[in-house]
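Trainee: Okay, here's what each chain looks like letter by letter:
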Amino acid sequence: MFKNPEELQYTKTHEWVKEEDGIYTVGLTDYAQDSLGDIVFVNLPQVGDTVAAGESFGDVESVKAVSDVFSPVSGVVAEINEEILDNPALVNEDCYGTWLIKVNEVTGTEELLDAKAYEEVCANEA
Amino acid sequence: MELKTPLYDVHVREKGKIVPFAGYLLPVQYEGVIAEHLAVRKQAGLFDVSHMGEITLKGPGALATLNHLLTNDFTKMPLGKVRYSVMCNDNGGCVDDLLVYKFGEEDFFIVVNASNRHKDFEHMRNNILPDTQIEDISDSIAQVALQGPNSREIMKKVMKEEDIPEKYYTAKRNVDIGGMDCIISYTGYTGEMGYEIYTAKENAEKMWDLLRENGKEFGLIPCGLGARDTLRLEASMPLYGHEMDEEISPLETGLDFGVKMDKEEFIGKEALIRRGEPQICRVGLSIIDRGVLREHQDVYLGEEKIGHTTSGTFSPLLKTSIAMALIDKRYATPNTVLEVDVRGRKLKAKVVEMPFYNRNR
Chain A
1 MFKNPEELQY TKTHEWVKEE DGIYTVGLTD YAQDSLGDIV FVNLPQVGDT VAAGESFGDV
61 ESVKAVSDVF SPVSGVVAEI NEEILDNPAL VNEDCYGTWL IKVNEVTGTE ELLDAKAYEE
121 VCANEA
Chain B
1 MELKTPLYDV HVREKGKIVP FAGYLLPVQY EGVIAEHLAV RKQAGLFDVS HMGEITLKGP
61 GALATLNHLL TNDFTKMPLG KVRYSVMCND NGGCVDDLLV YKFGEEDFFI VVNASNRHKD
121 FEHMRNNILP DTQIEDISDS IAQVALQGPN SREIMKKVMK EEDIPEKYYT AKRNVDIGGM
181 DCIISYTGYT GEMGYEIYTA KENAEKMWDL LRENGKEFGL IPCGLGARDT LRLEASMPLY
241 GHEMDEEISP LETGLDFGVK MDKEEFIGKE ALIRRGEPQI CRVGLSIIDR GVLREHQDVY
301 LGEEKIGHTT SGTFSPLLKT SIAMALIDKR YATPNTVLEV DVRGRKLKAK VVEMPFYNRN
361 R
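Sequence order for the protein chains is A and B.
Heads up: the first sequence begins at 1 in my numbering, then just goes up one per residue.
Heads up: the second sequence begins at 1 in my numbering, then just goes up one per residue.
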């Protein structure tokens, strides 16, 4: 029902993560953006902030609700996607092409799932 | 176990996202709240509101019963009018808010909130005056709301123009819409012009499809509960369980226009007198900082907690967050800057005039 890219890894709390050369890029899954509906605000940490695996690093506000975003990894925020601060609807339009933060100096990760295992999580919530 | 409205299968067919609400399974959205909201403001939207309760009150005692049960005055109400009222408990709190349609001197049709339907019916039946028959007909009736500036053009395609109610808060019954026997009123819960249509539940799907088909050229789309909430909030319309409840009095929440204290008697009148001049009032808030106000958030002036929000959202039209709040009336002056505790962060918001949106302005 959702097309979750095979090359990404996922959390049970509906974030995706991609690792490249020690830098972890984090975004929201299709299930998350679809559940939230029209996203109107994204609150992100600042570059240099530390994030902890399994803990909230920001939140997304849709018209209907607010939801925490949990970090799949522990580390330091290397970059934030400033584009979505001005245009949060990008997360709805292309959730796998629109990242939220990049994390480096990673010291640990949450339990990460492959696309197939993640789809089972979604199926159980639906 | 949630109930399904007669339009449940239609919502599934229309790809609505179904959620439980007030004991019913209803679509929170189809295409998206913002698109649906803006369709109603600029073109037209169609809502299933079959979950609403309908109660009839008939007989020689019906008028006296209404005046006893409800805070508004129905004595001089003309035929074909619709009137808003609150129903108070003995303590001056709100049992519900509702609409009363007058179709005959002894023939009234009352529309109540879905979540209060059984409570309301019990309260009414326990307080009914002699020579009055009361009946809950909710389960036999489907209701749809067609809302938006193009609503009249759409109705003209499916019914005789002279049968369309001309004035706000008027209604007609035994009207033929596409061969179906209906009640139609010029009413709604969006702050936009539009109609609410009641028909036998067997007609529900046919009515929906008729309006959908004829509405296409006028930009009509189906709308869910999400847009219904953002639309009513922009129009500052109260919602039971938010702006009012069994504790809050109608005078505290700014519904004085529907409370006739000069009426001889009604349930709750003595309590309202005893409670005296309200010390709190309902205000509109518009956010200054970045974020979204939601319901049940505490409102502060400096360190002092002066009230709480009752509803809050992101306004798709104004593109900022708005809320309604019940606060100490001393701080209710427009442009007063307050703070709202939004998930542990105090965000600045200012008091603004309501409604947030007025189509006549």
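Please note that the accuracy of each hint is not assured.
[Claimed, not checked] Think about it this way: if two alpha-carbon atoms lie no more than 30 Å apart in a straight line, the pair counts; the simulated DSSO-like pairs of lysine-lysine are: (1) B/K346 x A/K3; (2) A/K116 x B/K17; (3) A/K12 x B/K15; (4) A/K102 x B/K346.
[As the list claims (entries may be wrong)] Reference listing, derived: stretches of chain A covered by chain B, where coverage requires no fewer than 3 residues with Cβ under 8 Å from a Cβ of chain B: (5) 33–43; (6) 52–64.
[Claimed, not checked] Residues from chain A that keep clear of chain B, each with C-beta distances beyond 12 Å, as calculated: (7) G22; (8) V76; (9) W99; (10) L113.
Please keep in mind that the hints were generated in silico from the structure rather than gathered at the bench.
Bear in mind the structure is a predicted one, so any value in this text is a computation, not a measurement.
Think of the CB as a built atom: it goes at the ideal place given N, C-alpha and C, for glycine as much as any other residue.
Trainee: Does each hint fit the structure? Answer for all of them.
Mentor: Okay, the hints, checked on the actual structure:
| no. | hint | verdict |
| --- | --- | --- |
| 1 | B/K346 x A/K3 | violated (39 Å) |
| 2 | A/K116 x B/K17 | holds (24 Å) |
| 3 | A/K12 x B/K15 | holds (26 Å) |
| 4 | A/K102 x B/K346 | holds (28 Å) |
| 5 | 33–43 | holds (count 5) |
| 6 | 52–64 | holds (count 5) |
| 7 | G22 | holds (32 Å) |
| 8 | V76 | holds (23 Å) |
| 9 | W99 | holds (21 Å) |
| 10 | L113 | holds (24 Å) |
Taken one by one, the earlier hints fail for this structure only at number 1.
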